[in-house]
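Q: Starting from the known structure of chain A, arrange chains B and C on it as the hints suggest.
Okay, here's what each chain looks like letter by letter:
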Amino acid sequence: MLANTEALRAEYKNVWVVAEVLGGEVQKVTWELLGAARSLADARGCELWCVAMGDGVAKEALSIRGYGADVALVVDDRRLARFDDEAEAAALVRLIGKYKPEILVCAATTRGRALIPRVAVAANCGLTADCTGLAIDPTNGDLLQTRPAFGGNIMATIRSANHRPQMSTVRPRVMNALEFDPEREGRVIVESLLEGESGSLKTVIEVFHEEENAVNLSDARFIVAGGRGVKGPEGFKLLKKFADAVGGAVGASRAAVDSGWVPYSRQVGQTGQTVQATVYVACGISGQIQHLVGMQSCDYIVAIDKDPNTPMMRIADAAVVGDLYEIIPALLKELART
Amino acid sequence: MRHHIENKIYHVEILPPKQETEKLEVDLEAFAVKFRRVMESGYCACVTDNAMGNLAFQGTEMIEELGLEPREDLVMIHLNTFHTKEALDEILETCVAKGIRNLLVISGDGSDRLPRLQPLDIGAKGVEAVTSVELLRYIAERHPGFFHLGVAFNPYEPEEHEFGKMERKIAAGAEFIITQPVIGLHPVVERLLAKYPQVPVIVEAWMSKKLDLLSEAVGYEISPGTPYDPIENLKSLHSIYPHCGVYLSLLGFKTQYDLVKDCWK
Amino acid sequence: MRIVVCVKQVPGSSEAKIDPETKRIVREGVKAVMNPFDAYALEEAVRIKERLGGEVIALTMGPPRADIALREAISVGADSGILLSDRAFGGSDTWATSYALSKAVRKIGGVDLVICGKQAIDGDTAQVGPGMAAHLGWAQATYVMAIPEVGEKEFLAKRMHEDGWDLCRIRFPAVLTVVKDINRPRVPTLKGRLAAQKVEIPTWTAQDVGAEADKIGLEGSPTRVVKAEPPAARNKATL
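Protein chains in written order, with my numbering: chain A, 1 to 338; chain B, 1 to 265; chain C, 1 to 239.
Okay, chain A solo, but in the shape it has when bound (with noise of 0.2 Å):
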C-alpha cells in the first residue's frame, strides 16, 4: 500500500517471515529467514512473526517460535495441502491488509518466487527478488535489500522507501538459522482462509516429490562438481567415487548437463541450484558468471583444471594446475590410505 508520509508508514509495524511449507511441515529455509529477521526486528524494535499456511501446519508453532519467532500466524486448511498460489495470495494479501506488517520476507524458492509477486502487485508494495543480504537503515529505518545483478558481478542496494510493507524474497542457504530455544515464549494467532480463496482458478491434482538417496546437493557440505573438461559420464563415476569417500555431492556446471553427462538435478549455477558448501571442488569447470552465481557462497573453493587462466581457477582459493584423471585418482588413493 502507498505509504507516502510519515503518518502512514507508522501504522506499519513488524516484521513477517512467510514460511515456506510442504506437506503440512515448515522446511529449513524459513529457520535462515527466520533468522536473518530477528536482527532487522531487533534494530527496529518490534516483533518477528512467521506466518505459515498449509494443511496441518499448527503443529509447527513450537518450531516457529523456538527458531525465533515472537508469533506464530497458522492458517490451517485442507484445502492448502498442496501449493495453491492463488488462494495463498488472497489469504496473505488479506492478512497484510489486517496487521499491516512492515516487512514481510519470503524464501526465493519456486513456490516464494510464484507467491510473493502476486502479493507485491496486489497489495501494491515494492517486492526484490532473490536477495542476499537484509539491513536496516540506521538513519531512516528503511529496509535495506542487496542482490545481485547482471548475473553476480554487481551488488544492487534497493529500497522501497514509500510502500508498506517492504517485501523481499530471499535467497536460500545465505542467511544463518538461529539456535533452536524450546524455551522461547511466543504466542499463536490462527487465522482462516476464505471461501471464495481457494479453488476458483486452479486445483493442483498430483504432485511428485523426488527422494534422493544420494546426499542433497542443496544440504551438501562437500560438493565435487563436474563441467565440459570432465569430457563425460565416465568422468562423472569418478566424481562420485570421489564424492562419495569424502561424504559429499556431486554437482554439475550447465555443460556438463545440456551433454547428457549428469541429470539437471546436480546443475550448479543461475539455472541450476544454489549452493553453500564449505567446500566446493570445481573440476574442468571454466567459471561462466552464470556457473559462479551458484557457488561463489562456498567457504572454500578448489579448481582443477589443465588451464591455469580459466574464470574459475582465478577465483578459486587454492587453484589446482593439471589434469583431473591424474589428481582426482590420486586424491582417492591418498585418502584410502588415511
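Simulated from the structure, these hints should not be mistaken for laboratory data.
Think about it this way: if two alpha-carbon atoms lie no more than 16 Å apart in a straight line, the pair counts; the simulated EDC-like pairs of lysine to aspartate or glutamate are: (1) Lys198/C to Glu25/B; (2) Lys191/C to Asp27/B; (3) Lys28/A to Asp163/C; (4) Lys158/C to Glu210/A; (5) Lys191/C to Glu90/B; (6) Lys28/A to Glu162/C; (7) Lys191/C to Glu61/B; (8) Lys241/A to Glu326/A; (9) Lys180/C to Asp258/A; (10) Lys191/C to Glu65/B; (11) Lys261/B to Glu6/B; (12) Lys191/C to Glu64/B; (13) Lys158/C to Glu206/A; (14) Lys18/B to Glu29/B; (15) Lys198/C to Asp79/C; (16) Lys235/B to Asp258/B; (17) Lys198/C to Glu65/B; (18) Lys227/C to Asp137/A; (19) Lys49/C to Asp112/C; (20) Lys227/C to Asp142/A; (21) Lys191/C to Glu25/B.
A: Chains B and C in isolation, oriented as in the chain A frame:
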C-alpha cells in the same frame, strides 16, 4: 567426383551468414556474389552446415530464397546430424528438386540451440547416437541412386580410430572422401590413399595465412610465428597429391581467387 | 486460441566479461539479444497454435529499437508484434512493468494465455509474470515444464519445483512462466527472417493502453536502486 578431379575443378567452401548477423542483407548479397562467381568459374560451391556449431542459415534455403542457380554437378551441400527429421527430409527434397547431387555427410558440430537426429527418427538400430554412418545409410535408402555421398577424414585424430570409422562409412555408402586441411605431405593421408585407391580423395587446403586458427580447429601442432604461404602450400599439394582433388577453405575472394587457377596444372 | 508472449531485449550476458582488476562488467560492444528464456515461451506458444489453431502475438515494453525482439519472435512463428514504448515508462520497476504490460493485454482483448520466460537475465527477478497475473486477476502457473493438455475452458500445466513437480488444472485465461525444460526452441528459417523484416509493427503509448500516470515509470515504481557496486573479492592461492 572423379570427373571434378580429372577436370581440375576446385571445391570452394562458402559459409552462409550466421543467424546472429546484424547485417543480414549485406551478408546475403555477399554469399550470392561468391556463389555466382564460383558457378561462372566452373568450380564446385561447397556450402557448410552450421560450421563449428555456429547457427547459420541452411545452404538449400540460401539457394532457394536468393534464387541462385546451381550448375550441373557444381554444388555440394554439407549435411550433419544436427537437424530434426523434418528439416533433414526437406533439405534432401530441395536438393533433389534442384538437381544437387553432391552431399558431404558429417556428424557435425552441435550446440545447445540445435536439434539432434535420434536413432529412431531414421530407423537406425543398435546405436546410442546418430553419426555420419547412420545418416549415410538413411540418405541412400531414402533416395537410392540419386546422391553422391562424401565423408570427412581427419588425419589429426588417432589413426586406428579414424580408419575404423572410414571402413564403416564406406560400407554405408560413402563414395568420396574429403580430408581436413593438410600442410604439405601428411603420412596418414598417404596411408589413406594407399588403402582406398578406388575412392576419389579431395584434400583440403587451408587458404588463410593464420595457421594458428587451423591449430585451434583441428589440433594441428604448429609453433607460433611459423611463416605460411597458402598459395605455395596449394601448389605443393597439387604436386604431392596429383590424383586428388582440392577443397579450398577460407579462400580470400578478393586477394586469392584469381591466383588459384594458375596453381593446378 | 489467442496467446500473448512477452519478450524482452536484454544485454547478451554470456558475452559480458568481468574486468579481473576492477571486477566490473565490461559493457562495451555487448549486443542486445532477446532474453534467452523468452525463446522457450515463444516456442511453446507457437506449438499450441500449431496444435489447436489461433494466433500468437509478441509483446514487448522497451525503447523503439526493441522492435528487433518482436521481429525475432515473428521469424519463429509469432503472427504479429506490438511494441509498447513511451518515455513515460522509463524507470519502471517490475510492479510498473507488469502493470503496463497487463494494460496492453487488456487492450488486445480476448487473450486466453500470456506466456513469459521464467525470468530476464538482466533483472533476474522473475516477478513480471506473476505480477501480470495479479494485475489481470487471472490464474498463474510458474516454472512450467510441460503443458500436456489444452481444453476449451481449462488446461493442464506441470510446474517444476526444487523437490519435484506438480500438475495443475487451470482455468483460462492464465499467465504462465516457462522453464527451459519445456521444449527446444526452433531456429528461424531464412524465409521467416526475411518475412519478419517486412512486417509492420505498431507502437502503443501509455495513452494508447490507458495506463495511469501514477502507475508507470518512476512514479509507479515502489522500489528504487540506491547503490550498485562490485561484490567483495576473494583470497587466492595457485598451486
